[in-house]
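S.K.: Heads up: the sequence lines are chains F and Y, in that order. Residue numbers for the first sequence follow numbering that gives the first Met the number 0, so the first one is 0 and each next one is one higher. Residue numbers for the second sequence follow numbering that gives the first Met the number 0, so the first one is 0 and each next one is one higher.
Hints were generated in silico from the structure; no laboratory data involved. It is possible that some hints are incorrect.
Stated by the list, open to error - Using 20 Å as the maximum straight-line C-alpha spacing, the simulated PhoX-like pairs for lysine-lysine come out as follows:
1. F/K213 with F/K303
2. F/K206 with Y/K123
3. F/K228 with Y/K12
In this text the structure is predicted, and so the values were computed from the model without any measurement.
Chain residues, written in single-letter form:
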Amino acid sequence: MPVNFFPAEFEVVRNSDRCIKCRACERQCSNEVHIYDADFDKMLSRDNQCVDCQRCVSICPVSALKIVPNENAFRKSANYSQQLMIENYRQAGSGGVLLSSMGNPQDYPVYWDKILINASQVTNPPIDPLREPMETKVFLGKKPAGIKKNPDGSIDTHTEPYLELNMPILFSAMSYGSISKNAHESLARAATELGTYYNTGEGGLHKDFYQYGKNTIVQVASGRFGVFKDYLDTGAAIEIKMGQGAKPGIGGHLPGAKIREDVSKTRMIPMGTDAISPAPHHDIYSIEDLRQLIFSLKEATEYKKPVIVKVAAVHNVAAIASGIARSGADIIAIDGFRGGTGAAPTRIRDNVGIPIELALAAVDQRLRDEGIRNEVSIIAAGSVRSSADAVKAIALGADAVYIGTPALLALGCHLCRSCHSGKCNWGIATQRPDLVKRLNPDVGYQRLVNLVNAWNHEIKEIMGGMGINSIEALRGNRLMLRGIGLSQKELDILGILHAGE
Amino acid sequence: MAIEINAQNMHFKLINEQIRASSEKEVVINNTIGQRFIGSGCVGKDIHIHGIPGNALGAYLTKSDITVYGNAQDALGDTMNDGTITVFGNCGDAPGYGMRDGKILIKGSAGYRAGIHMKQYMEKIPVLMIGGKVGDFLAEYQAGGKIIVLGLGYEDTCPVGSFCGTGMHGGAIYIRTDILPSGLPSQVDAFDATDADKEEIRPEIELFVSKFGGNADEILASHFFKLVPDTKNPYKQLYVNN
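Sequences and hints are given; from them, build the entire structure.
M.R.: Written as structure tokens, this is what we have:
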């Protein structure tokens, strides 16, 4: 008998009084956890294959199922957690690099939760968004440094290309390939109805989605998958992906198994081959080289579209952002270390990069200090989990936020962090036709619209409470924030006072 | 009739505006002095360049031909879509980055990082052809297409630099030489090209000699190495699900 070094992570608890042996759980589980034993007329479980995606729990008609953490415990150590021990067993058994998905789950400080928002009392009255207009429209792009006049004395009204958003929220980059076609359709339709944008990621744009082009941001990354003239012309903006918060400093790798016919067509690579996005752009070794890629894209699209440069939040992100602002980019997207991913090496995801809150504050301050804040808009990304996080991000200096994980939650994701297996039971991070069809884009898009509209309403209420009636007046308004339980250094970097000050 | 553009002291933006505005397919650019991005995203033109074009010539090129009667610089044909770029001289670093289809023909030599991440899909098979020699990091991450290095005039040495084919997972490299590039990575298979292998590149060689002179049969009579990846999934065994 081979020795199994570690037990199943989860335990399937089946209430046999309730179970009617309808076998729905068996049919629904792509991990093949549930099996029916005809001899004993009994449902059995293979606990070790369970990823705790909660699909079976959600569909069980008699609520007979519970997935709970396995209580079996290794000897406790504050230094070697059970998870760490299991990871070492996995590597000893395989010789492989640990691969994970979604955002960093480790116990690092979440600065959003240590920042409090102000409200008006007595002297400056709050505003009720139900009876007074509240402006959440945002324009992303370069803003003129001052008023220029034409030779005839009239005002020069030329503006650089910009994006117009009804609310300061965009869907972050998720490629077709990492997520399913139905998930992409849901995002595209929701962005269109909401008057905001979704982002193709580096997977090209499916022919069926060209119709949503004016609400699409097309991405150009080191692998250049699916990038060609029509693609660039179709998008409302072009995003150059230099890095991703979940995996700063490394590239992307979509396994060949996920490159089925339709994905192959969209990425324009043969079926079954790995889609590798190298860590660096091999033509970018400097800000000057970045400028060259930006302008080659601007030339190719006749200066009609803003160019976004997306970077991961890393230690010297403020200096990097300053370079990007001078490189001709219209918008900088900064992705914090808690950002999601369809697959990333565990050690990179959990240990590389810095929190978006600190990165955002540092970048905004640096660009202000250098007098170039108007040269670029800033999109903050990497775990903006709620409307409150969004408000805090804007007050710290963001023009808008990218949301990825909340959008996936709207589509049914339960954050089991197993996207890289390609067997997503919710039809999101998979290309298996039988799983993809579980996600109905008619329902999915409506849930996304609901989510973002609800957030936007909350943003208005929070703004109203502060006596602010326009998102423009909230941006960079750090006086509206106070820290709680933070050190002076943290407060200095965030540029906020402590609660009570 | 061709439209003529005098590029002397002209900004690249203006050059491209004139190319796009041209009612004629054929555009001749004279006195080019290093302007970047010429023909970037250009569709359906035949551009002839006299002088020295700058970086990122013919990026995202679509259904267009570009001929350079001199040397080209860095990032030639970046993410080129189709058409042909012909250079009657040498070119700088990173020609054909992420190239998707079409042909880049360099009469002379090319710099570092040529043909990085070239790819292919169905009938779209890009070709990067270099008459002379080429620097380090040729065909890194190559995912498809044909890269041909003829080494004409460099018969006594290997015409390809170090670190050739690192991360290569598709396509093929053909090198006319007796000396195998040193330090090939383990996932690249190199072997003597057979007559059948050489026939695969006969159309490209014939196109090359039709533009730059020479004899296709003579070139093909030389010894070639053919380099291909030994797997489409070079990273597969690296990971364990966690």
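S.K.: If you draw a straight line from the CA of F/K206 to the CA of Y/K123, is it 20 Å or shorter?
M.R.: Holds, at roughly 18 Å.
S.K.: Quick one, are F/K213 and F/K303 close enough, alpha carbons at most 20 Å?
M.R.: The given pair, whose Cα atoms are some 12 Å apart, holds under the 20 Å limit.
S.K.: Are the Cα atoms of F/K228 and Y/K12 separated by 20 Å or less?
M.R.: Distance ~18 Å between F/K228 and Y/K12 Cα, so the pair holds.
Every hint from the earlier list agrees with this structure, and none is contradicted.
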